[in-house]
Amino acid sequence: MRTLTREITLNVPKRRAIVSLHRQVEELVRESGVREGLCLVNAMHITASVFINDNEPGLHHDYEVWLEKLAPHEPTSQYRHNGGEDNADAHMKRQVMGREVVVAITEGKLHLGPWEHIFYYEFDGRRAKRILVKIIGE
Amino acid sequence: MRTLTREITLNVPKRRAIVSLHRQVEELVRESGVREGLCLVNAMHITASVFINDNEPGLHHDYEVWLEKLAPHEPTSQYRHNGGEDNADAHMKRQVMGREVVVAITEGKLHLGPWEHIFYYEFDGRRAKRILVKIIGE
Amino acid sequence: MRTLTREITLNVPKRRAIVSLHRQVEELVRESGVREGLCLVNAMHITASVFINDNEPGLHHDYEVWLEKLAPHEPTSQYRHNGGEDNADAHMKRQVMGREVVVAITEGKLHLGPWEHIFYYEFDGRRAKRILVKIIGE
Numbered sequence: 707m708r709t710l711t712r713e714i715t716l717n718v719p720k721r722r723a724i725v726s727l728h729r730q731v732e733e734l735v736r737e738s739g740v741r742e743g744l745c746l747v748n749a750m751h752i753t754a755s756v757f758i759n760d761n762e763p764g765l766h767h768d769y770e771v772w773l774e775k776l777a778p779h780e781p782t783s784q785y786r787h788n789g790g791e792d793n794a795d796a797h798m799k800r801q802v803m804g805r806e807v808v809v810a811i812t813e814g815k816l817h818l819g820p821w822e823h824i825f826y827y828e829f830d831g832r833r834a835k836r837i838l839v840k841i842i843g844e
Numbered sequence: 707m708r709t710l711t712r713e714i715t716l717n718v719p720k721r722r723a724i725v726s727l728h729r730q731v732e733e734l735v736r737e738s739g740v741r742e743g744l745c746l747v748n749a750m751h752i753t754a755s756v757f758i759n760d761n762e763p764g765l766h767h768d769y770e771v772w773l774e775k776l777a778p779h780e781p782t783s784q785y786r787h788n789g790g791e792d793n794a795d796a797h798m799k800r801q802v803m804g805r806e807v808v809v810a811i812t813e814g815k816l817h818l819g820p821w822e823h824i825f826y827y828e829f830d831g832r833r834a835k836r837i838l839v840k841i842i843g844e
Numbered sequence: 707m708r709t710l711t712r713e714i715t716l717n718v719p720k721r722r723a724i725v726s727l728h729r730q731v732e733e734l735v736r737e738s739g740v741r742e743g744l745c746l747v748n749a750m751h752i753t754a755s756v757f758i759n760d761n762e763p764g765l766h767h768d769y770e771v772w773l774e775k776l777a778p779h780e781p782t783s784q785y786r787h788n789g790g791e792d793n794a795d796a797h798m799k800r801q802v803m804g805r806e807v808v809v810a811i812t813e814g815k816l817h818l819g820p821w822e823h824i825f826y827y828e829f830d831g832r833r834a835k836r837i838l839v840k841i842i843g844e
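Line by line, the protein sequences are chains A, E and P. Numbering of the first sequence is given in the working numbering, commencing with residue 707 and proceeding in unit increments. Numbering of the second sequence is given in the working numbering, commencing with residue 707 and proceeding in unit increments. Numbering of the third sequence is given in the working numbering, commencing with residue 707 and proceeding in unit increments.
Simulated from the structure, these hints should not be mistaken for laboratory data. Honestly, I wouldn't trust all of these hints.
Copies of the same chain are indistinguishable here, so a pair counts whether it falls within one copy or spans any two.
Claimed, not checked - Cut-off 25 Å, straight-line C-alpha distance, at most; resulting in silico cross-link-like pairs (DMTMM-like, lysine to aspartate or glutamate):
(1) K720 to E791
(2) K815 to E713
(3) K815 to E762
(4) K835 to E737
(5) K835 to E762
(6) K775 to D792
(7) K835 to E742
(8) K815 to E780
(9) K720 to E774
(10) K815 to D792
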């Protein structure tokens with residue numbers, strides 16, 4: 707069995723943003739030498755997501771509006787978690803979008819559909835956060 | 707290590723529908739010869755989900771109503787993604803229901819609870835879409 | 707390849723509760739002897755979730771309020787699934803919070819960020835339910 711383990715560090719300058727991880731994950735699969743296996747990509751922080759969807763800015767804007775409707779940031783006093791913090795909504799938005807993706811590796815490449823693109827979604831940025839890529843296979 | 711890779715193609719004649727994948731995935735596990743391992747089942751398209759829940763038509767109707775409330779299709783003009791398209795809501799519904807499931811394989815079979823059933827959820831059908839099954843183990 | 711398979715049984719005395727699985731999963735990783743691999747933890751029942759988030763009671767209270775807003779239990783008559791049952795909302799809440807987590811194992815330990823904590827979320831308790839832990843690697 708071959709494995710590769712890599713932490714990617716990001717520091718998103720805003721509270722929220724969607725950042726592509728796609729190229730980096732593709733390169734790590736190549737580097738791993740794994741031909742057949744699985745690739746796990748997960749946020750290591752609990753106010754962020756890794757998800758797969760369309761690389762289209764209009765949709766990313768729509769996600770912003772939609773998640774704000776499902777789990778509003780304001781008023782921050784509506785959440786008990788917000789004692790010294792103000793990020794309870796970030797913990798909810800992350801559950802909707804998910805913590806991780808698991809992607810198949812076939813013939814040495816990510817096995818994805820035509821529009822599948824791997825993204826990181828930051829819900830409480832302005833500090834360093836990590837994403838984990840773990841590849842296993844042979 | 708043994709692996710099996712299979713794409714399943716579906717063409718759902720309506721915009722939305724829930725379709726069982728259960729038997730097909732069971733058969734692929736048998737075909738793989740894997741006794742202990744993991745089975746990934748994921749939508750290869752970004753307006754569809756693979757999920758595990760109850761094989762009960764009343765619940766499937768309830769999901770339809772509920773997802774339409776969380777991410778309404780109409781008015782389509784509320785979404786920026788809907789320039790030439792009208793499926794922004796499908797990209798949201800899919801995030802709620804999830805892209806993929808990972809199921810354990812134990813003693814050559816899917817290791818599931820009594821009511822766990824694997825489904826595909828189409829949110830923007832009327833064209834061919836693919837689902838990926840990737841099995842690894844030994 | 708090494709594998710470990712273990713079912714954990716819980717009987718939550720209330721309809722809903724969040725229960726830590728963290729220590730048990732850590733111990734199973736140790737017991738497995740796996741140094742590099744993946745650990746799948748999933749609910750075996752379709753009205754429960756396994757998720758990773760903060761071990762903070764204020765946030766757990768916020769999840770309760772939030773999920774009740776997204777998928778209300780009452781009136782139970784709003785759901786077709788509720789013929790002889792009253793748990794349709796539990797099947798929805800579980801989709802928001804997710805069925806499973808997949809966690810990397812690196813150097814013999816769960817590879818997690820500083821605040822990542824593995825929980826079980828019961829949405830329809832008062833009876834025995836099972837969680838599956840499946841570890842593969844080497």
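Exercise. Under a CA distance limit of 25 Å, which applies to K720 and E774: within one copy, between copies, both, or neither?
Worked result: So K720 and E774 pass the 25 Å test inside one copy only (15 Å; across, 30 Å).
For this session: Measure nothing new, just compare the shortest in-copy and cross-copy C-alpha distances for K835 and E762 to 25 Å and report within, between, both or neither.
Result: both (24 Å within a copy, 20 Å between copies)
Exercise. Checking K815 and E780: alpha-carbon separation at most 25 Å within a copy, between copies, both or neither?
Worked result: neither (43 Å within a copy, 38 Å between copies)
Exercise. How would you classify K835 and E742 at a CA-CA limit of 25 Å: within, between, both, or neither?
Worked result: between (29 Å within a copy, 23 Å between copies)
Exercise. With identical chains treated as interchangeable, where does the CA-CA distance between K720 and E791 reach 25 Å or less: within a copy, between copies, both, or neither?
Worked result: Within. Shortest intra-copy distance 16 Å satisfies the 25 Å Cα cut-off; inter-copy 29 Å does not.
Exercise. With identical chains treated as interchangeable, where does the CA-CA distance between K835 and E737 reach 25 Å or less: within a copy, between copies, both, or neither?
Worked result: Classified as within: same-chain Cα gap 23 Å, cross-chain 30 Å, threshold 25 Å.
For this session: Up to 25 Å between alpha-carbons, please classify K815 paired with E713: within, between, both or neither.
Result: This pair counts as both: shortest intra-copy Cα distance 20 Å, inter-copy 15 Å.
Exercise. For the identical chains here, do K815 and D792 meet the 25 Å Cα criterion within one copy, between copies, both, or neither?
Worked result: Classified as neither: same-chain Cα gap 40 Å, cross-chain 32 Å, threshold 25 Å.
Exercise. When no copy is specified for K775 and D792, does a C-alpha distance of 25 Å or less occur within a copy, between copies, both, or neither?
Worked result: Both, since 17 Å and 20 Å are each at most 25 Å.
Exercise. Is the C-alpha distance from K815 to E762 at most 25 Å within one copy, between copies, in both cases, or in neither?
Worked result: Within. Shortest intra-copy distance 23 Å satisfies the 25 Å Cα cut-off; inter-copy 37 Å does not.
Taken one by one, the earlier hints fail for this structure at numbers 8, 10, listed in ascending order.
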